[in-house]
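Participant: As they're listed, the protein sequences go chains C and Z. To get the numbering used here, take the position in the first sequence, counting from 1, and add 4. To get the numbering used here, take the position in the second sequence, counting from 1, and add 4.
Don't take each hint at face value.
Which stretches of chain Z does chain C cover? Using the computed rule of at least three CB atoms under 8 Å from a CB of chain C, they are [stated by the list, open to error]:
1) 11–20
2) 32–39
3) 109–123
4) 242–253
Pairs of lysine to any residue residues, derived as SDA-like cross-links and limited to a Cα-Cα distance of at most 20 Å, are as follows [unchecked claim]:
5) Z:Lys97 with C:Ser27
6) C:Lys149 with Z:Ser226
7) C:Lys97 with Z:Asn144
8) C:Lys44 with Z:Lys149
9) Z:Lys97 with C:Gln168
10) C:Lys188 with C:His244
11) C:Lys101 with Z:Lys199
12) C:Lys146 with C:Gln35
13) C:Lys77 with Z:Ile55
14) C:Lys101 with C:Gln35
15) Z:Lys199 with Z:Lys146
16) Z:Lys149 with C:Lys77
17) C:Lys101 with C:Leu28
18) Z:Lys97 with C:Leu114
19) Z:Lys247 with Z:Glu219
20) Z:Lys146 with C:Arg117
21) C:Lys248 with C:Arg216
22) Z:Lys239 with Z:Val256
23) C:Lys128 with C:Thr61
24) C:Lys149 with Z:Lys128
25) Z:Lys199 with Z:Leu136
26) C:Lys142 with Z:Asn98
27) C:Lys97 with Z:Arg117
28) C:Lys77 with Z:Ser226
29) C:Lys199 with C:Asp13
30) C:Lys149 with Z:Lys101
31) C:Lys101 with C:Arg216
32) C:Lys130 with C:Lys149
33) C:Lys199 with C:Asn257
34) C:Lys101 with C:Tyr154
35) C:Lys77 with Z:Arg48
Hints listed in this document are in silico derivations from the structure and should not be mistaken for laboratory results. Don't be surprised by glycine CBs; every beta carbon is placed ideally from N, CA and C.
Protein chains: 2
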Amino acid sequence: MFLIKIGGDENLNFSAICNDIASLWKKYPGQLIVVHGASKFRNRLAQQLGIPIRTITSTSGITSYFSDENFMKVFLMAYAGWINKKLVSLLIKNDVKAVGLSGIDGEIWLAERKKYLYVKEGNKIKLITGDLSGKIKKVNIKLLKILLSYRYLPVICSPAVSNQGEILNVDNDAAVFQLVKSLKIKTLIYLISAKGLLKDFNNPNSLVKEIRFFELDSFLNSAEGTMKKKIIYTKMSFEHGLKKAFFGDGRVNYPIRKLLLEQKGTVITL
Amino acid sequence: MFLIKIGGDENLNFSAICNDIASLWKKYPGQLIVVHGASKFRNRLAQQLGIPIRTITSTSGITSYFSDENFMKVFLMAYAGWINKKLVSLLIKNDVKAVGLSGIDGEIWLAERKKYLYVKEGNKIKLITGDLSGKIKKVNIKLLKILLSYRYLPVICSPAVSNQGEILNVDNDAAVFQLVKSLKIKTLIYLISAKGLLKDFNNPNSLVKEIRFFELDSFLNSAEGTMKKKIIYTKMSFEHGLKKAFFGDGRVNYPIRKLLLEQKGTVITL
Numbered sequence: 005m006f007l008i009k010i011g012g013d014e015n016l017n018f019s020a021i022c023n024d025i026a027s028l029w030k031k032y033p034g035q036l037i038v039v040h041g042a043s044k045f046r047n048r049l050a051q052q053l054g055i056p057i058r059t060i061t062s063t064s065g066i067t068s069y070f071s072d073e074n075f076m077k078v079f080l081m082a083y084a085g086w087i088n089k090k091l092v093s094l095l096i097k098n099d100v101k102a103v104g105l106s107g108i109d110g111e112i113w114l115a116e117r118k119k120y121l122y123v124k125e126g127n128k129i130k131l132i133t134g135d136l137s138g139k140i141k142k143v144n145i146k147l148l149k150i151l152l153s154y155r156y157l158p159v160i161c162s163p164a165v166s167n168q169g170e171i172l173n174v175d176n177d178a179a180v181f182q183l184v185k186s187l188k189i190k191t192l193i194y195l196i197s198a199k200g201l202l203k204d205f206n207n208p209n210s211l212v213k214e215i216r217f218f219e220l221d222s223f224l225n226s227a228e229g230t231m232k233k234k235i236i237y238t239k240m241s242f243e244h245g246l247k248k249a250f251f252g253d254g255r256v257n258y259p260i261r262k263l264l265l266e267q268k269g270t271v272i273t274l
Numbered sequence: 005m006f007l008i009k010i011g012g013d014e015n016l017n018f019s020a021i022c023n024d025i026a027s028l029w030k031k032y033p034g035q036l037i038v039v040h041g042a043s044k045f046r047n048r049l050a051q052q053l054g055i056p057i058r059t060i061t062s063t064s065g066i067t068s069y070f071s072d073e074n075f076m077k078v079f080l081m082a083y084a085g086w087i088n089k090k091l092v093s094l095l096i097k098n099d100v101k102a103v104g105l106s107g108i109d110g111e112i113w114l115a116e117r118k119k120y121l122y123v124k125e126g127n128k129i130k131l132i133t134g135d136l137s138g139k140i141k142k143v144n145i146k147l148l149k150i151l152l153s154y155r156y157l158p159v160i161c162s163p164a165v166s167n168q169g170e171i172l173n174v175d176n177d178a179a180v181f182q183l184v185k186s187l188k189i190k191t192l193i194y195l196i197s198a199k200g201l202l203k204d205f206n207n208p209n210s211l212v213k214e215i216r217f218f219e220l221d222s223f224l225n226s227a228e229g230t231m232k233k234k235i236i237y238t239k240m241s242f243e244h245g246l247k248k249a250f251f252g253d254g255r256v257n258y259p260i261r262k263l264l265l266e267q268k269g270t271v272i273t274l
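Using the sequences provided together with the hints, build the complete structure.
Facilitator: Pasting the structure below:
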């Protein structure tokens, strides 16, 4: 099983990505799922609608967005509304029967709301309320397997849902990890807006061509925010059955072909 | 099989509607699908984003919106992004495993783009280009039946898709008719922001309690735009296997219960 994660940057070449996904799907029918982001588009949409975006820092130093009801509305519009359907329509153009789903649908990502959210503000620790974020507790693999067995390609995005029907922001990379674990994914492909994993994230030419998964820790200090999370969860994925991971450039033509066949990008092995 | 169509007005009581859908689903598991609108929310969102909405009138006198790429983006955000997921989450709250889908997903509504669009502007007939609207040619009943057989409730909305991957605006009531025909729906329930079918649409107290389907024509002159389409397609639905249709108030508590059990609203019979 393959999992392809399409990043949330707007400069990714969706059309080229979907062409390549279609080729992979034809070679491995029913053996592939897609997860995508839409963070840049969401943030731009929030700005256009005059909805403030507030960055918060957890006590462990991880930054995220304060997710109140207005934020989650924009979230749904950007992820489940625009980018998800854009990708599905591009896959249909390539003769793939894709089905776009958020983590809410059929409780694909069943999450539990974080009851208390403590954040750092300068030197102070503050408890904040009204935040709608959570942690995935269960993946509905049954629904995904049904779709795959009938040759429908699931295209999945945040947010998740609680069993109380709360629409919850969850970390996308944590969600990918949950999918890898529960669907026994062997190959994970990250398409991002960089050439791959960089030794120095300020230097686009410092591409790491190959690395073993247990060496990933060495990147944690140099990687920036969202890449840091990807590295942590990729390492965890290897500890739960993953055999191979790729980080490749999603801005180019034939992004997956170049990654898998020409080894343009980073390959992470067991 | 039941089909429940939830109107596009923002004053509908989504929470009450979803409670009642959950009761119906528990009584008739796998025997129900939901279709919804979001037109009012879409139009307000377009306004907030500064995207102009242009009304066009076909040569046969039917008004619709000019659907260019910007309009379709807002369309997706409102329908597939916000309202669809709002309804799905409310159903999940009521222990129904709902799955939200647009007509694009799995080609549920496969449409053909209108090649030429002639519109009336005053006394002139003009050909306009760049419009992304179409007509449904095929419903993917296979996917809907799979979901129903595994007890997932499909919650469906516009837009549709062409086999070229074009995202197309289709008439929602025409889409409901296509579903009635292909899924052999016997009972159609319209939840709207009125007490039911009105003899005089300016008079909210002119409710028609009961009517035979072949008498519906008499309403065509008095009904306003969107209601006119509903009446035309409901009549056609009866000519294709429908046994009973209801028009009821979606703004109240227990909207479906009141309609089916207390006959509050309009019932249309064979």
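Participant: Would you mind marking each hint as holding or not holding in the structure?
Facilitator: Status of the hints after comparison with the structure:
1. Proximity of the segment 11–20 of chain Z to chain C, defined as three or more residues with a beta carbon under 8 Å from a beta carbon of that chain, is not established by the 0 residues found.
2. Counting residues of the segment 32–39 of chain Z whose beta carbon lies closer than 8 Å to any beta carbon of chain C gives 0, which falls short of the minimum of three for the stated coverage.
3. Coverage of the segment 109–123 of chain Z by chain C holds in this model, with 3 residues showing a Cβ closer than 8 Å to a Cβ of that chain against a need of three.
4. For a cut-off of 8 Å, the count of residues in the segment 242–253 of chain Z with a CB near a CB of chain C stands at 0, and the three-residue condition is violated.
5. Restraint check for Z:Lys97 and C:Ser27: not satisfied, since their Cα atoms lie roughly 39 Å apart, outside the 20 Å limit.
6. Proximity of C:Lys149 to Z:Ser226 is assessed by CA-CA distance (about 50 Å); at most 20 Å being required, the pair is judged violated.
7. A distance of roughly 16 Å separates the Cα atoms of C:Lys97 and Z:Asn144; the hinted pair therefore holds under the 20 Å criterion.
8. Distance restraint check for C:Lys44 and Z:Lys149: the Cα-Cα separation of roughly 36 Å exceeds the 20 Å cut-off, and the hinted pair is therefore not satisfied.
9. Our distance criterion of 20 Å between C-alpha atoms is met by Z:Lys97 and C:Gln168, whose separation comes to about 5 Å.
10. For the proposed pair C:Lys188 and C:His244, the alpha carbon gap of about 8 Å is at most 20 Å, so the pair holds.
11. Our distance criterion of 20 Å between C-alpha atoms is broken by C:Lys101 and Z:Lys199, whose separation comes to about 40 Å.
12. Of the supplied pair hints, the one linking C:Lys146 and C:Gln35 holds, its CA atoms being roughly 15 Å apart against a limit of 20 Å.
13. Proposed proximity of C:Lys77 and Z:Ile55 is supported: the alpha carbons are some 19 Å apart, at most 20 Å.
14. Proximity of C:Lys101 to C:Gln35 is assessed by CA-CA distance (about 14 Å); at most 20 Å being required, the pair is judged to hold.
15. Note on Z:Lys199 and Z:Lys146: the hinted pairing is violated, with a Cα-Cα distance of about 35 Å set against a maximum of 20 Å.
16. Proposed proximity of Z:Lys149 and C:Lys77 is contradicted: the alpha carbons are some 30 Å apart, above 20 Å.
17. Taking the CA atoms of C:Lys101 and C:Leu28, the gap is about 13 Å. The hint holds against a cut of 20 Å.
18. Between Z:Lys97 and C:Leu114 the alpha-carbon distance is near 12 Å, which keeps this suggested pair within the 20 Å criterion.
19. Taking the CA atoms of Z:Lys247 and Z:Glu219, the gap is about 15 Å. The hint holds against a cut of 20 Å.
20. Between the alpha carbons of Z:Lys146 and C:Arg117 the distance comes to roughly 35 Å, so the proposed pair goes past 20 Å and is violated.
21. A hinted pair counts as satisfied when its Cα atoms are at most 20 Å apart, and C:Lys248 with C:Arg216 qualifies at roughly 9 Å.
22. For the proposed pair Z:Lys239 and Z:Val256, the alpha carbon gap of about 26 Å is over 20 Å, so the pair is violated.
23. Distance restraint check for C:Lys128 and C:Thr61: the Cα-Cα separation of roughly 11 Å lies within the 20 Å cut-off, and the hinted pair is therefore satisfied.
24. Our distance criterion of 20 Å between C-alpha atoms is broken by C:Lys149 and Z:Lys128, whose separation comes to about 55 Å.
25. Pair hint Z:Lys199 plus Z:Leu136 does not hold up; C-alpha atoms about 34 Å apart against a cutoff of 20 Å.
26. With a C-alpha separation of about 18 Å, the suggested pair C:Lys142 and Z:Asn98 falls inside the 20 Å cut-off, and the hint holds.
27. The straight-line distance between the Cα atoms of C:Lys97 and Z:Arg117 is roughly 14 Å, inside the 20 Å bound, and the hint therefore holds.
28. Between C:Lys77 and Z:Ser226 the alpha-carbon distance is near 38 Å, which puts this suggested pair outside the 20 Å criterion.
29. Distance hint between C:Lys199 and C:Asp13 is fulfilled; the C-alpha atoms sit about 14 Å from each other, no more than 20 Å.
30. Between C:Lys149 and Z:Lys101 the alpha-carbon distance is near 16 Å, which keeps this suggested pair within the 20 Å criterion.
31. Between the alpha carbons of C:Lys101 and C:Arg216 the distance comes to roughly 35 Å, so the proposed pair goes past 20 Å and is violated.
32. Note on C:Lys130 and C:Lys149: the hinted pairing is violated, with a Cα-Cα distance of about 42 Å set against a maximum of 20 Å.
33. For a cut-off of 20 Å, the pair hint linking C:Lys199 to C:Asn257 stands: about 13 Å separates their Cα positions.
34. Under the criterion of a C-alpha separation no larger than 20 Å, the hint pairing C:Lys101 with C:Tyr154 is consistent with the structure, at around 10 Å.
35. Restraint check for C:Lys77 and Z:Arg48: satisfied, since their Cα atoms lie roughly 14 Å apart, inside the 20 Å limit.
When each numbered hint is compared with the structure, violations occur for hints 1, 2, 4, 5, 6, 8, 11, 15, 16, 20, 22, 24, 25, 28, 31 and 32.
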